[in-house]
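K.L.:
Using the sequences plus the hints, can you model the full thing?
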Amino acid sequence: MDNNCNSSNRQEEQTSQGGAGAPAYAAGQPTPETATTEEDQVLLRVEHLCQYFGSTKAVDDVSFDIKKGEVFGLVGESGCGKTTTGRSIIKLYDITSGNIYFKGIRIGAGTKSYKDEIRRARAEYKEKIQTVTDPAEQEKLRAELRRTVAEQRAQIKAARYDQKNCDKEYAQEQQQKVQEKYAPLLANAPESQRATLQAAYKDEMRKARKTRLVTKIQMIFQDPSASLDPRMTVREIISEGLIIQGERNRQVLDGAVYEMLEKVGLVREHASRYQHEFSGGQRQRIGIARAVVMRPEMIIADEPVSALDVSIQAQVINLLNDLRKELGLTILFIAHDLSVVKYFSDRIGVMYFGKMVELAPSDELFLNPLHPYTRSLLSAIPLPDPEYEKNRKRIEYKPLAEHDYSVDKPSMREIKPGHFVHCNQAEFEKYQAILK
Amino acid sequence: MMESKLHVENLTISFHTVDGKVQAVRGINFDLQKGETLAIVGESGSGKSVTSKAILGILAGNAIIEDGEIIYDGKDLLKISEEEFHKIRGDKIAMIFQDPMSSLNPIVKIGRQLTEAMILKGKARQKESRSNFNTYLAHLQEAMIQSGACGEGAGVLTDKCHRFDKFEYKHLELEAAYNKAHEAAAEASAELEDLIFELEKNAAKDLSFRIRRICRLAETSVQTYVVQEKAQILLGLVKEVGPLVPTVKRGADSAALREKLTGIKAILDEAIGFVMPNFFALGYYVTFSGQPIPQMPVEELNRTMRKYLDEQFMLDFLADTREALRFSSDRSCKEKIEAVECLKKYRAVFEKQSLDKAECFKALKIMTKEVMDTVDPLDITRDSVTYTFGPGLENTLNKYFGGLVQNPKEQHRYEKELQKYDALVAKGKEPDWKVVAPALTDLDAVRRSMLHQIDLVIDHYSRALERHQARDFDADAVAVVDYLKANASGVVHKVTKRMAKERAIKLMQEVGISEPRKRYNQYPFEFSGGMRQRIVIAIALAADPDILICDEPTTALDVTIQSQILELINRLKEERHLSVIFITHDLGVVANMADRIAVMYAGKIVEYGTAEDIFYHSAHPYTWALLSSMPDLDTNEKLDAIPGTPPNMIYPPVGDAFAPRNKYAMKIDFERQPPMFRISDTHYAATWLLHPDAPKVDPPKAVTDRIARMKQKREEQKNGQ
Chain A
1 MDNNCNSSNR QEEQTSQGGA GAPAYAAGQP TPETATTEED QVLLRVEHLC QYFGSTKAVD
61 DVSFDIKKGE VFGLVGESGC GKTTTGRSII KLYDITSGNI YFKGIRIGAG TKSYKDEIRR
121 ARAEYKEKIQ TVTDPAEQEK LRAELRRTVA EQRAQIKAAR YDQKNCDKEY AQEQQQKVQE
181 KYAPLLANAP ESQRATLQAA YKDEMRKARK TRLVTKIQMI FQDPSASLDP RMTVREIISE
241 GLIIQGERNR QVLDGAVYEM LEKVGLVREH ASRYQHEFSG GQRQRIGIAR AVVMRPEMII
301 ADEPVSALDV SIQAQVINLL NDLRKELGLT ILFIAHDLSV VKYFSDRIGV MYFGKMVELA
361 PSDELFLNPL HPYTRSLLSA IPLPDPEYEK NRKRIEYKPL AEHDYSVDKP SMREIKPGHF
421 VHCNQAEFEK YQAILK
Chain B
1001 MMESKLHVEN LTISFHTVDG KVQAVRGINF DLQKGETLAI VGESGSGKSV TSKAILGILA
1061 GNAIIEDGEI IYDGKDLLKI SEEEFHKIRG DKIAMIFQDP MSSLNPIVKI GRQLTEAMIL
1121 KGKARQKESR SNFNTYLAHL QEAMIQSGAC GEGAGVLTDK CHRFDKFEYK HLELEAAYNK
1181 AHEAAAEASA ELEDLIFELE KNAAKDLSFR IRRICRLAET SVQTYVVQEK AQILLGLVKE
1241 VGPLVPTVKR GADSAALREK LTGIKAILDE AIGFVMPNFF ALGYYVTFSG QPIPQMPVEE
1301 LNRTMRKYLD EQFMLDFLAD TREALRFSSD RSCKEKIEAV ECLKKYRAVF EKQSLDKAEC
1361 FKALKIMTKE VMDTVDPLDI TRDSVTYTFG PGLENTLNKY FGGLVQNPKE QHRYEKELQK
1421 YDALVAKGKE PDWKVVAPAL TDLDAVRRSM LHQIDLVIDH YSRALERHQA RDFDADAVAV
1481 VDYLKANASG VVHKVTKRMA KERAIKLMQE VGISEPRKRY NQYPFEFSGG MRQRIVIAIA
1541 LAADPDILIC DEPTTALDVT IQSQILELIN RLKEERHLSV IFITHDLGVV ANMADRIAVM
1601 YAGKIVEYGT AEDIFYHSAH PYTWALLSSM PDLDTNEKLD AIPGTPPNMI YPPVGDAFAP
1661 RNKYAMKIDF ERQPPMFRIS DTHYAATWLL HPDAPKVDPP KAVTDRIARM KQKREEQKNG
1721 Q
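As you go down the protein sequences, you meet chains A and B in turn.
Counting from 1, one number per residue, gives the positions in the first sequence under the numbering used here.
Counting from 1001, one number per residue, gives the positions in the second sequence under the numbering used here.
Derived by calculation from the structure, the hints in this document are not laboratory data.
We put the beta carbon where it would ideally sit given N, CA and C, even for glycine.
Don't take every hint at face value.
[Claimed, not checked] Below, in silico cross-link-like pairs of lysine-lysine (PhoX-like), each with a Cα-Cα straight-line distance of 25 Å or less:
#1 B:Lys-1249 x B:Lys-1239
#2 A:Lys-393 x A:Lys-68
#3 A:Lys-57 x B:Lys-1205
#4 B:Lys-1205 x A:Lys-393
#5 A:Lys-436 x B:Lys-1205
[Claimed, not checked] From chain B, some residues computed to sit far from chain A (all C-beta separations above 10 Å):
#6 Ser-1208
#7 Glu-1299
#8 Leu-1343
#9 Gly-1390
#10 His-1452
#11 Lys-1518
#12 Gln-1522
#13 Gly-1529
#14 Thr-1560
#15 Ile-1561
#16 Asp-1586
#17 Phe-1615
#18 Pro-1631
#19 Thr-1645
#20 Pro-1675
#21 Arg-1706
[To be verified] Cβ-Cβ distance ranges computed for the label pairs, FRET-style:
#22 A:Asp-223 x B:Asp-1634: 28 to 38 Å
#23 B:Glu-1567 x A:Arg-153: 48 to 58 Å
#24 B:Asp-1206 x A:Lys-393: 27 to 37 Å
#25 B:Glu-1240 x A:Asp-223: 52 to 62 Å
#26 A:Met-232 x B:Asp-1444: 48 to 58 Å
#27 B:Asp-1206 x A:Asp-408: 19 to 29 Å
#28 B:Lys-1201 x A:Pro-230: 47 to 57 Å
#29 A:Lys-393 x B:Asn-1062: 42 to 52 Å
#30 B:Lys-1087 x A:Asp-223: 30 to 40 Å
#31 B:Lys-1205 x A:Asp-223: 32 to 42 Å
#32 A:Asp-223 x B:Pro-1243: 35 to 45 Å
#33 B:Asn-1407 x A:Lys-325: 58 to 68 Å
#34 B:Asn-1062 x A:Met-232: 25 to 35 Å
P.N.:
What follows is the structure, given as structure tokens:
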């Protein structure tokens, strides 16, 4: 029995080897049966994500949920923070503030909001204490302040711990599962099988120890030639992640590589070639294979087709679509080509200067764009029709002229179920009137 | 008929590589008209970039130009020397590359990169204008004297020409001063509009700096042209504004300041709206009357000055010019009649089955001389047919006689190899090499092309002679004066560093870069992708080119920026009468831009037509595939991806290159290359499907659906308006 709980990338083998229906699925990873029933389950939740680089607010208070199995599109002009959002989720950056939950586990947390809260509370209480003259009252206020600060400090501590150790706990959980599974087996095993069983147990324990939760999220990059190591063969590129996860069996690795290559439309012979021997579309396929071989539950596709020719774009989009259906992937699709995003995504979030300005199901967004920036963005899409193009007017977005946020600050509000817009009360009413 | 700017014929380019000869471009033909956008669409490796690089003369070192010609301004760009190319590249033909970073120098500030070309070209332009002006005036003077215009003596006429020369500069001085003031007013007005708006919103930044700048601009504008009484009010307002700034900065209400600024703006706007003075007449008045400009409203001033100029000089001069033009044109016509006769006579030499080398070159020499004699020095636009005839025919002749030597050898080699191959096959072996088809020059075709070239000139001249009767010499005389004016302004238009900076900043504004003054001193890495591309466009436009080649300028940019850049290119094209070659792989982009579209595949143009032809009535399967493989906002079904990859151009396919990826391919597609079939006068496609014997094939559903959908959308758009 070679099957284990954590190497979910061995599902096919498990079914062939697992025999008498052993529960071969890791914790939190629903079996195919449960997945269908939990269609609305939130896979990734981003809460008030902020990512500052010095004084630049690359991402500023962005929140959204991604449900299991859906494609969430993120659009916006270059420099609006959509790529940074993707990279923050996969923990390529340490986020400044906010929380990221993946499968209910907090994988990323920032501390700035708590620190700000402490600062704010201190200033507030200082003023309050000055106005109050009674010493007993003052002491009471001071105690309150101390309590608030202590609370926030505890939050900071928890956030720091989660940011650093979320994977550790996950790995421990996995190890425990392996132990639980093997303990009875080892105890009951006859002497002759004990040695092989012991070896399998050790192997699985090693893999469980090396498993990381974040590897369930994989990324596909924009420029395929820049994201593949020119000195590694395709085999090495694709199998690298598995090796890091503790897989040592050469046959298993090769099997996984060949299977992946065939899945993305390449052939086995390509495994021993280098990336420069491929065309742009083929390179992007290798990038996709590298991501999918880890059996991720979620893929962050950062402009996967923008660097490709139109005809190749169609091939790659079709491939992603097939893989998504076949493997039940959840995809965060970051792109600036709105036609492609519309074609590919279920829901779309529009970003502008680090803020999410509108979030809606894709048909709804294109039918009823509400935020002026979304309208401006939609009016800029070129269509393959000369007559229409001659009359197309691009709407310009001028934030200063469009909004008056001097009194009433804006926030994300739900105009109609599923359709959120970043607006203040006056605009909220205006938008609701439009939709009616 | 439109004026053809660039003519590419039978261009064939290959590259030497370690693996063999890659045939990148295989005999393409196209024309670029003045003021149009020609889009070249195709996948990477289809040869579109190679074509554009050949036009600019920047092909890689291993490129071999096997055949063809690129005619620009009467010169074959493939044959001129590098020194001559320096005058054209960047100046007349500019290019915008896909990756802006690779065309910017990373360690030089943006400002320097923008002004470098301006300063360098400024001198060259000045020199050119001066030579144009002087030569033309000399020709004109000569023609006037010869024609004996109005019965005046040579001395009087020479004096007249010199008189024109003299006051021409004065008017430019006046105009420059006026323009400076006018621009200052316009700039101040625009700044004011922004500032007032921002003050209302309480979001004004750099207040004192901007106010100072506006005041300075307003003062500049006052000096020359605002009506005197208004000028006093304006200056008064400007003085009052200054003290208000610190209070506003401290947080006081900005209402008072806004009021003053609005007052300034109103005066400036009024001034901007005034009619432009007639500087030409003013210049004459100032130079020859010896009196200062009289004070009166602009309209009246214009009338008086005009009258003075006409009476004193211009009517006379125009009459003389007209006579000179008529004389020169008559002479040219006589020469043309002679040339046509000569061409008809010598045409017989080229009609023979096999040509005689000595005879041909002798005929060429005589014909070239006759044709060159027909040049009318007083024609402002140069007749490219006349200028290209000699070199073009010589080129074709060389090809013919070169081919004559080459053909027997090549034929011999081919036969030998074929024998060897057949022998191997007969033995039952499978040779791992292929017989390379013989590279034979089709001598008959070359000879026909020579005759065609001669006929072209004969036709052209016959038509010119017909038109000669109806020529409007009055209008032409005015055009001549305008031409001289334009060149004279080129002579005094000196580009100093300061001016270049101002122009660069204006260009940066024009291409949509905010805060150009601050940006001017930054390095390329401080810019975002879209901004960099704008800088590159600004640099390309700095030299005021004739032809702009855009090689995928928006591929790396997002939708809004892409849309802005496309609008920018379109606008600049209109304003500057540019001809644009737009290279892209995205058909969606070119619907907006292109007047005509050429679809390229594997080094050949497979379809060629107006934008409407290509988008609504496309005929080639490759165009269909391109159209159906991109999603639009209403696509829900699976995309029709084109299977496979483009062919390896070291071994170009025998038949239609697209056949292996084409689901409509027929047997003949794999055997023979399809010729260009004519669909309409503007629309051509190279596919066997258009052959009368071919089965009738409809375009794929995705394409027809989209056309129907777009039609519906268009109607909605119309109703919406």
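K.L.:
Each hint: holds or not?
P.N.:
Structure-based check of all given hints:
no.	hint	verdict
1	B:Lys-1249 x B:Lys-1239	holds (18 Å)
2	A:Lys-393 x A:Lys-68	violated (38 Å)
3	A:Lys-57 x B:Lys-1205	holds (20 Å)
4	B:Lys-1205 x A:Lys-393	violated (31 Å)
5	A:Lys-436 x B:Lys-1205	violated (40 Å)
6	Ser-1208	holds (21 Å)
7	Glu-1299	holds (37 Å)
8	Leu-1343	holds (42 Å)
9	Gly-1390	holds (40 Å)
10	His-1452	holds (33 Å)
11	Lys-1518	holds (17 Å)
12	Gln-1522	holds (16 Å)
13	Gly-1529	violated (6 Å)
14	Thr-1560	violated (5 Å)
15	Ile-1561	violated (6 Å)
16	Asp-1586	violated (6 Å)
17	Phe-1615	violated (6 Å)
18	Pro-1631	violated (4 Å)
19	Thr-1645	violated (6 Å)
20	Pro-1675	holds (25 Å)
21	Arg-1706	violated (7 Å)
22	A:Asp-223 x B:Asp-1634: 28 to 38 Å	holds (30 Å)
23	B:Glu-1567 x A:Arg-153: 48 to 58 Å	holds (54 Å)
24	B:Asp-1206 x A:Lys-393: 27 to 37 Å	holds (32 Å)
25	B:Glu-1240 x A:Asp-223: 52 to 62 Å	holds (58 Å)
26	A:Met-232 x B:Asp-1444: 48 to 58 Å	holds (57 Å)
27	B:Asp-1206 x A:Asp-408: 19 to 29 Å	holds (28 Å)
28	B:Lys-1201 x A:Pro-230: 47 to 57 Å	holds (52 Å)
29	A:Lys-393 x B:Asn-1062: 42 to 52 Å	holds (47 Å)
30	B:Lys-1087 x A:Asp-223: 30 to 40 Å	holds (38 Å)
31	B:Lys-1205 x A:Asp-223: 32 to 42 Å	holds (37 Å)
32	A:Asp-223 x B:Pro-1243: 35 to 45 Å	violated (57 Å)
33	B:Asn-1407 x A:Lys-325: 58 to 68 Å	holds (60 Å)
34	B:Asn-1062 x A:Met-232: 25 to 35 Å	holds (29 Å)
When held up to the earlier numbered hints, the structure conflicts with 2, 4, 5, 13, 14, 15, 16, 17, 18, 19, 21, 32 and fits the remainder.
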